[in-house]
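**Q** One-letter residues, chain by chain:
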Amino acid sequence: MNYPGKGLVEGLAVTARNFVGSYFYKDRLTTVQYPEERIQTPENSRTFPFLVFDESPDKPRCTACKICEVECPPKCIYIVMDRDDKGKPLQRPKAFDIDISVCMQCQICVEVCPFESIKMDNDYEKSKYGRFNDLVQRLPDLLKSNDYYRQIKPVKAAEVDAKLKAEAEAKAAKKAAAVAAAAAKAAATPPAGSAT
Amino acid sequence: MIAAPSTIPAGGAITTQLLEISIGPQHPSTHGVFRMDVVLDGEVVRALKPVVGYLHRNHEQLAEKMSWLGSMPYTDRLDYFNSMSNNWAYALAVEKLAGIKVPERAEYIRVIMAELSRLQNHASAIGFLLQDCGAWGTPLLYAFKEREKILDFFETVSGSRMMCNYFRFGGVRVDLNDEMLAMARKIVAEFPKFLDEFEKLMTTNEVVLARCQRVGILPKELAIAGSISGPVARASGVEYDIRKVDKYGVYGQLEFGVPVGAVGDVYDRYYIRVLEMRESVKILQQVLRDIPAGPVQAVEVKLRGFKIPAGDGYGRVEGAKGELGFYLVSEGGPKPYRYHIRPPSFINLTVLEDMCVGHKVADAIIILGSIDIVLGEVDR
Numbered sequence: 266m267n268y269p270g271k272g273l274v275e276g277l278a279v280t281a282r283n284f285v286g287s288y289f290y291k292d293r294l295t296t297v298q299y300p301e302e303r304i305q306t307p308e309n310s311r312t313f314p315f316l317v318f319d320e321s322p323d324k325p326r327c328t329a330c331k332i333c334e335v336e337c338p339p340k341c342i343y344i345v346m347d348r349d350d351k352g353k354p355l356q357r358p359k360a361f362d363i364d365i366s367v368c369m370q371c372q373i374c375v376e377v378c379p380f381e382s383i384k385m386d387n388d389y390e391k392s393k394y395g396r397f398n399d400l401v402q403r404l405p406d407l408l409k410s411n412d413y414y415r416q417i418k419p420v421k422a423a424e425v426d427a428k429l430k431a432e433a434e435a436k437a438a439k440k441a442a443a444v445a446a447a448a449a450k451a452a453a454t455p456p457a458g459s460a461t
Numbered sequence: 003m004i005a006a007p008s009t010i011p012a013g014g015a016i017t018t019q020l021l022e023i024s025i026g027p028q029h030p031s032t033h034g035v036f037r038m039d040v041v042l043d044g045e046v047v048r049a050l051k052p053v054v055g056y057l058h059r060n061h062e063q064l065a066e067k068m069s070w071l072g073s074m075p076y077t078d079r080l081d082y083f084n085s086m087s088n089n090w091a092y093a094l095a096v097e098k099l100a101g102i103k104v105p106e107r108a109e110y111i112r113v114i115m116a117e118l119s120r121l122q123n124h125a126s127a128i129g130f131l132l133q134d135c136g137a138w139g140t141p142l143l144y145a146f147k148e149r150e151k152i153l154d155f156f157e158t159v160s161g162s163r164m165m166c167n168y169f170r171f172g173g174v175r176v177d178l179n180d181e182m183l184a185m186a187r188k189i190v191a192e193f194p195k196f197l198d199e200f201e202k203l204m205t206t207n208e209v210v211l212a213r214c215q216r217v218g219i220l221p222k223e224l225a226i227a228g229s230i231s232g233p234v235a236r237a238s239g240v241e242y243d244i245r246k247v248d249k250y251g252v253y254g255q256l257e258f259g260v261p262v263g264a265v266g267d268v269y270d271r272y273y274i275r276v277l278e279m280r281e282s283v284k285i286l287q288q289v290l291r292d293i294p295a296g297p298v299q300a301v302e303v304k305l306r307g308f309k310i311p312a313g314d315g316y317g318r319v320e321g322a323k324g325e326l327g328f329y330l331v332s333e334g335g336p337k338p339y340r341y342h343i344r345p346p347s348f349i350n351l352t353v354l355e356d357m358c359v360g361h362k363v364a365d366a367i368i369i370l371g372s373i374d375i376v377l378g379e380v381d382r
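Line by line, the protein sequences give chains B and U.
Residue 266 is where the first sequence starts when you use my numbering, and the numbers rise one by one after that.
Residue 3 is where the second sequence starts when you use my numbering, and the numbers rise one by one after that.
Please note that a few of the clues may not be correct.
Said to hold, decoys possible - With a Cα cut of at most 30 Å, we get these calculated DSSO-like pairs of lysine-lysine:
#1 Lys195/U - Lys151/U
#2 Lys271/B - Lys362/U
#3 Lys331/B - Lys67/U
#4 Lys428/B - Lys409/B
#5 Lys337/U - Lys331/B
#6 Lys421/B - Lys391/B
#7 Lys428/B - Lys362/U
Stated by the list, open to error - Away from chain U, derived, C-beta distances all over 12 Å, residues of chain B:
#8 Glu302
#9 Val345
#10 Arg348
#11 Lys353
#12 Ala360
#13 Ile365
#14 Glu376
#15 Lys391
#16 Arg396
#17 Val401
#18 Arg403
#19 Leu408
#20 Lys409
#21 Glu434
#22 Ala442
#23 Val444
Unchecked claim - Label pairs and their calculated CB-CB ranges:
#24 Pro194/U - Ala435/B: 48 to 56 Å
#25 Gly136/U - Val297/B: 27 to 35 Å
#26 Ala435/B - Lys309/U: 40 to 48 Å
#27 Lys359/B - Ser24/U: 47 to 55 Å
#28 Ala446/B - Asn179/U: 39 to 47 Å
#29 Gln416/B - Arg306/U: 25 to 33 Å
#30 Lys249/U - Gln370/B: 28 to 36 Å
#31 Val345/B - Ser24/U: 45 to 53 Å
Think of the hints as simulated: they come from the structure by calculation, not from any bench.
Ideal Cβ positions, reconstructed from N, Cα and C, are used throughout, including at glycine.
Chain B on its own, in the form it takes in the complex (with noise of 0.2 Å):
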């Protein structure tokens, strides 16, 4: 059947439906009430980085090896290393900012971390009330516990974890069969001096 303005009516139906069904379906209202109401966050999904730490705060797993910051796109990282009276590096950050007016939220810093130090936060809410400042994340602000991780990605942080606990276990392997070796080596050649 057509008839002058059937497509004007059909349109508004199309309008009504959608509009009653908002009552009643699901499905046809989108929006949330936010704040009251929160849409749950996917695991993958990422806004700004943040440093891991095990035990306590002094001692993160960043080692200051500053492959994030060269890597970083657009540059928003700034490291520096700490160091011990004499001069020595401590394979620890002193300094680790972040000006997160700056970062783009790419994830590259999380993919180039030989460390797994620098991951992602799902935390979107970090509006500030200065322009400059305040946007800069310190160290401090940037430390969280590998637990808060573990809260917020436990599929990533389950695989990390075991990355970590593998990597250790064949540390520790390696170091006991050098010093085995080690032994062995010098129960096998005579000690210096008592050939005379």
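Dock chain U against chain B, hints included.
**A** Just chain U, lined up with the frame of chain B:
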């Protein structure tokens, strides 16, 4: 320039003056920071000059100072509706240059991502087009409701809704697990329902027909001469689709049609997008049915210190807006020597004046909307 008040001579004929006005750059109908210098005779457009550059971010020069991988997240920001296909074009150019072979599962995942981003781009493009016609809000939000599901899928897979940064040289970053594939299948199964509903709202609507038919006609010859690509060219009857011409990825093994318009007016450009979405659904059904198991990343590609042998290469994909190409020159180092983008929106804008002259100002707005530009890509 302000026109002098017209005077009515004794004979009755009104002498008028041309009036040059500036539409934009901060006008909602220009889809971003885009400006049109329009010369008007009453309400009729006599000349139109697109002015671009308000969103220039120095992308090409920045990329020449950055590692090959470092430019990948910046390509998301070109056409921010289609970050997945932008990633693909760049990855394709680098893979061509470096001679990297992509695992088959990764190729299938790439097709899934590119076609889903085409679906959400076209859905919002026609939503925006009808918003420009004056259908304020409603059709756009129906389109966005559908787009939201696809963006949720992108977030589940890549971590970000729009700035996905998902492709890597020689593969993709994250494998799809069964849950993700089920999510994609659900989206694809539900999409035709949305299209039917949307078409009921728009395709036969008398107001839409009156506004869009025979407005902004782009002749086939001009489309070819202006190297117009994508849905705009196909609406004018140019049967040219890089998925068919180059057969990159696994498109050679897939069955799909290339819809072609007859008139080349705004309505054809609207309807060609609807038809393309139907073809994309077909592609997705095939890909989701046939996706093989296997690795998603070629093992030989290093993340850090990635170097490419000297040479140049051009990689192009059929993005949702047209031919998106990356021309790269390598000197053998860790950075590109030259990095050039062929953005479809920018090239498609060049025929805007030819389409608009002779029409009313309100029509110029919907003609611009029917080209479907994104300023991130026009200005780079």
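**Q** Determine for every hint whether it applies to the structure shown.
**A** Against the structure, the hints:
1. At most 30 Å may separate the alpha-carbon atoms for a hinted pair to count; lysine 195/U and lysine 151/U meet this at roughly 14 Å.
2. Simply put, lysine 271/B and lysine 362/U have alpha-carbon atoms about 27 Å apart, close enough for the 30 Å limit, and the pair holds.
3. Our distance criterion of 30 Å between C-alpha atoms is met by lysine 331/B and lysine 67/U, whose separation comes to about 18 Å.
4. Between lysine 428/B and lysine 409/B the CA atoms are separated by roughly 19 Å; this keeps the pair inside 30 Å, and the hint holds.
5. A hinted pair counts as satisfied when its Cα atoms are at most 30 Å apart, and lysine 337/U with lysine 331/B qualifies at roughly 19 Å.
6. Using a Cα cut-off of 30 Å, the hinted pair lysine 421/B and lysine 391/B holds, with the two alpha carbons roughly 23 Å apart.
7. For the given pair, lysine 428/B sits about 65 Å from lysine 362/U by alpha-carbon distance, which is inconsistent with the 30 Å threshold.
8. A cut-off of 12 Å between C-beta atoms confirms that glutamate 302/B is not in contact with chain U; the least separation is 16 Å.
9. Distance check for valine 345/B against chain U: the nearest CB is about 22 Å away, which clears 12 Å, and the non-interface claim stands.
10. For arginine 348/B, the non-interface assignment is confirmed: its Cβ lies about 25 Å from the closest Cβ of chain U, beyond the 12 Å cut-off.
11. Distance to chain U confirms lysine 353/B as a non-interface residue, since its nearest Cβ pair spans about 27 Å, more than 12 Å.
12. With a minimum CB-CB distance of about 23 Å to chain U, alanine 360/B clears the 12 Å threshold, and the non-interface call stands.
13. At roughly 15 Å, the least C-beta separation between isoleucine 365/B and chain U is larger than 12 Å, which holds for a residue marked as non-interface.
14. Once the 12 Å rule is applied to beta carbons, glutamate 376/B is inconsistent with being away from chain U; the minimum gap is 6 Å.
15. At roughly 15 Å, the least C-beta separation between lysine 391/B and chain U is larger than 12 Å, which holds for a residue marked as non-interface.
16. Arginine 396/B, annotated as away from the interface, keeps every beta carbon of chain U farther than 12 Å; the closest lies near 20 Å.
17. Every CB of chain U is more than 12 Å from the CB of valine 401/B (nearest about 21 Å), matching its label as outside the interface.
18. Every CB of chain U lies more than 12 Å from the CB of arginine 403/B, the least distance being 24 Å, so the non-interface label holds.
19. Non-interface call for leucine 408/B relative to chain U: holds, since the shortest CB-CB distance, roughly 22 Å, exceeds 12 Å.
20. Here lysine 409/B stays apart from chain U, with its beta-carbon at least about 18 Å from theirs, past the 12 Å limit.
21. Distance check for glutamate 434/B against chain U: the nearest CB is about 25 Å away, which clears 12 Å, and the non-interface claim stands.
22. No beta-carbon of chain U comes within 12 Å of the beta-carbon of alanine 442/B; the shortest separation is about 29 Å.
23. Taking the minimum C-beta to C-beta distance to chain U, about 33 Å, the non-interface status of valine 444/B holds against the 12 Å cut.
24. With their beta carbons about 53 Å apart, proline 194/U and alanine 435/B fall inside the hinted range of 48 to 56 Å.
25. Here the CB-CB span from glycine 136/U to valine 297/B is close to 29 Å, well matched to the stated 27 to 35 Å.
26. As the Cβ distance of alanine 435/B to lysine 309/U is approximately 30 Å, the hint placing it in 40 to 48 Å is violated.
27. Roughly 53 Å separates the CB atoms of lysine 359/B and serine 24/U, a value that falls within the hinted 47 to 55 Å.
28. For the pair alanine 446/B and asparagine 179/U, the supplied restraint of 39 to 47 Å holds, since their beta-carbon distance comes to about 44 Å.
29. One distance hint, 25 to 33 Å for the beta-carbon pair glutamine 416/B and arginine 306/U, holds here, with the actual separation near 30 Å.
30. Between lysine 249/U and glutamine 370/B the beta carbon distance is about 34 Å. The supplied range of 28 to 36 Å therefore holds.
31. Our hint of 45 to 53 Å for valine 345/B and serine 24/U holds, since their Cβ atoms are close to 50 Å apart.
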